[in-house]
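**Q** Sequence:
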Amino acid sequence: MARTHKAPGKSHRTGITLLELASMFPDEQSAINWFEARLWPAGRCCGHCGSVKTSEVPKAKPMPYWCTDCRSYFSVKTGTALERSKISLRKWVFAVYICVTHLKSVSSMKLHRDLGVTQKTAWFMLHRLREAWSFEPGEPFTGSVEVDETYFGGKRRNMHARKRDEFDGRGPSGKTAVVGMKHRESKQVTAKVVERTDAETLCGFVNARIADGTMVYTDDASAYNRLENHESVRHSVGEYLRGQAHTNGVESFWSMLKRAHMGTFHKLSPKHLQRYINEFCYRAGMRDRDTIDQMTEWAAALVGKRLMYEQLIAEQR
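Going by the numbering used here, the first residue of the sequence shown is number 58, and it counts up by one from there.
For the record, the hints were derived by calculation from the structure and aren't laboratory data.
Even for Gly, the Cβ is constructed at its ideal location relative to N, Cα and C.
Zero decoy hints are in this set.
Dumping the calculated DSBU-like pairs for lysine-lysine here, alpha-carbon to alpha-carbon at most 30 Å: (1) LYS177 x LYS362; (2) LYS161 x LYS249; (3) LYS328 x LYS161; (4) LYS177 x LYS328; (5) LYS161 x LYS134; (6) LYS328 x LYS244; (7) LYS232 x LYS249; (8) LYS232 x LYS362; (9) LYS143 x LYS118; (10) LYS315 x LYS167; (11) LYS167 x LYS362; (12) LYS315 x LYS328; (13) LYS328 x LYS249; (14) LYS177 x LYS143; (15) LYS249 x LYS134; (16) LYS362 x LYS328; (17) LYS134 x LYS177; (18) LYS362 x LYS118; (19) LYS143 x LYS116; (20) LYS362 x LYS110; (21) LYS232 x LYS324; (22) LYS328 x LYS143; (23) LYS134 x LYS116; (24) LYS244 x LYS324; (25) LYS362 x LYS315.
Pair by pair, the computed Cβ-Cβ distance ranges are: (26) GLY342 x ARG283: 24 to 34 Å; (27) HIS105 x LEU298: 52 to 62 Å; (28) HIS329 x ASP350: 25 to 35 Å; (29) PRO98 x VAL250: 32 to 42 Å; (30) CYS127 x GLY270: 42 to 52 Å; (31) GLY300 x TYR208: 23 to 33 Å; (32) LEU298 x GLU77: 38 to 48 Å.
All chains, full assembly: derive it from the sequences and hints.
**A** Laid out in structure tokens, this is it:
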């Protein structure tokens, strides 16, 4: 039976132990049934064309199902980020569980040891799972939001001599800029890697994600001065709280992400940084939900995503 955890001042949250998970998924068929129930809640449909005119294939060769409309074989992996994966669905279930239950995520080295796959395979699996959260924000935020930007990259003293020469001492030269927004009411976070931190970029990010009348709280960076319904705290003179004006929530999000950077991943390349950020944006809004609910949502989010290995390792253009 699943355990129940209770955090101070919060409602009960049901967790799942490893032994319970092993009992829930004793074999490959149990994992297949679970994925099919989550990805096809209204009944089986073709991953190629969406048709419900499907039938089972004898002995599941070459795939378990056949679509009458587009005349194609398919499985529950078809049309998801798991398409063409040779990893068993039971291992994918355990991978989702491991990701969900580690607050600061999990490294490819740990997943490779836990699942008995190669480190290269584990790295690819994790990026496929992160691809689930690569979508545009939904409904605009209302009420109150906090906005802040941060930077990811190496320290100046660790840079190559050529890079150190480019570092002018006036800012985080050579690092990757990220702007983020946290909705105070729902605790949801949205964040994006940006090339610049000028007013056009930062205000454009904010205005595209909020409804009219939303209150925006930031630090005293001049780039935010164009925003309407805007109030700032003056970090430059040591002010971090004034009434409702503060950015503590979004800074807490950055803190969690950077602890994962240092303690779990050790290195986040600019090329893949957005996927890591997407994963932690998802985590921020799901922390208080039951483990099985988080796993279900993660599995459902895989639909419509596609990430091939050649695409993953291709040089950024």
